[in-house]
Amino acid sequence: MFLPSRSRLGDSCCLGIAALTILAALGLTRPAAATSHDFQVLGLQPPKEEVEAPDFTLKDLNGKQVQLRDFRGKVVFLNFFATWCVPCRLEMPAMERLSRAFKDKGLVVLAVDIKESAKAVRAFLKELKVTFPALLDEDGSVAFTYGIRPLPATYLIGRDGKILWRAFGAREWDSAASRQYFSRLLSDGKR
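With the numbering used here applied, the sequence shown covers 1026 to 1216.
If you are wondering where the hints come from, they were derived from the structure by calculation, not from laboratory data.
Glycine included, C-beta positions come from ideal geometry on N, C-alpha and C.
There could be a bad hint or two in this list.
Pairs of lysine to aspartate or glutamate residues, derived as EDC-like cross-links and limited to a Cα-Cα distance of at most 16 Å, are as follows [to be verified]:
id : residue 1 : residue 2
1  : K1187     : D1080
2  : K1099     : D1080
3  : K1144     : D1085
4  : K1144     : E1163
5  : K1151     : D1085
6  : K1099     : D1129
7  : K1128     : D1080
8  : K1140     : D1164
9  : K1084     : E1141
Pairwise CB distance ranges, derived in the manner of DEER restraints [as the list claims (entries may be wrong)]:
id : residue 1 : residue 2 : range
10 : L1115     : D1080     : 25 to 31 Å
11 : D1213     : K1140     : 32 to 38 Å
12 : E1075     : A1201     : 26 to 32 Å
Model the full structure from these sequences, guided by the hints.
So, in structure tokens, the structure goes:
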């Protein structure tokens, strides 16, 4: 059994505190279209105070530069994943169904792969029949900025560029409760 040395344990604590600090900084209030019931049922974590989603520019699978702020005016479902992540694999089909159901209503699903090749990501998405855009966080810097740990992790960003909530772990994103939530949110028009 591996037991960390005091210095490794100290390093782990410092990293944990740094991650918690970043997550706290990404806090904000609940959007009007969401109820406390939505957050409880869907396992969403609304941050404590309003904050802009950190902007980034990443390449898509074809090498084209994509910038988060280009999606202002739309609601962005930002999911961080890896091809080796079993829960990520499990939630991808539900994300695809969610994307198809709401893309014409102003929802953009963006998947951000962390530190893997375009070839591996392309094969993974093809196998799962995913059609929404995937971006490559080749050095993990965007995942670090968002405090991503564990995978999968999802942020919902409002039309105004502010973070509405985050969720860690896989979800059935196209469940009846989830569809009801997104339908209300997207018809609200405010956030």
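A quick look at each hint next to the structure:
{"no.": "1", "hint": "K1187 <-> D1080", "verdict": "holds (11 Å)"}
{"no.": "2", "hint": "K1099 <-> D1080", "verdict": "holds (15 Å)"}
{"no.": "3", "hint": "K1144 <-> D1085", "verdict": "holds (12 Å)"}
{"no.": "4", "hint": "K1144 <-> E1163", "verdict": "holds (12 Å)"}
{"no.": "5", "hint": "K1151 <-> D1085", "verdict": "holds (15 Å)"}
{"no.": "6", "hint": "K1099 <-> D1129", "verdict": "holds (10 Å)"}
{"no.": "7", "hint": "K1128 <-> D1080", "verdict": "violated (21 Å)"}
{"no.": "8", "hint": "K1140 <-> D1164", "verdict": "holds (6 Å)"}
{"no.": "9", "hint": "K1084 <-> E1141", "verdict": "holds (12 Å)"}
{"no.": "10", "hint": "L1115 <-> D1080: 25 to 31 Å", "verdict": "holds (30 Å)"}
{"no.": "11", "hint": "D1213 <-> K1140: 32 to 38 Å", "verdict": "holds (36 Å)"}
{"no.": "12", "hint": "E1075 <-> A1201: 26 to 32 Å", "verdict": "holds (29 Å)"}
Checked against the numbered hints given earlier, the structure breaks only hint 7 and satisfies all the rest.
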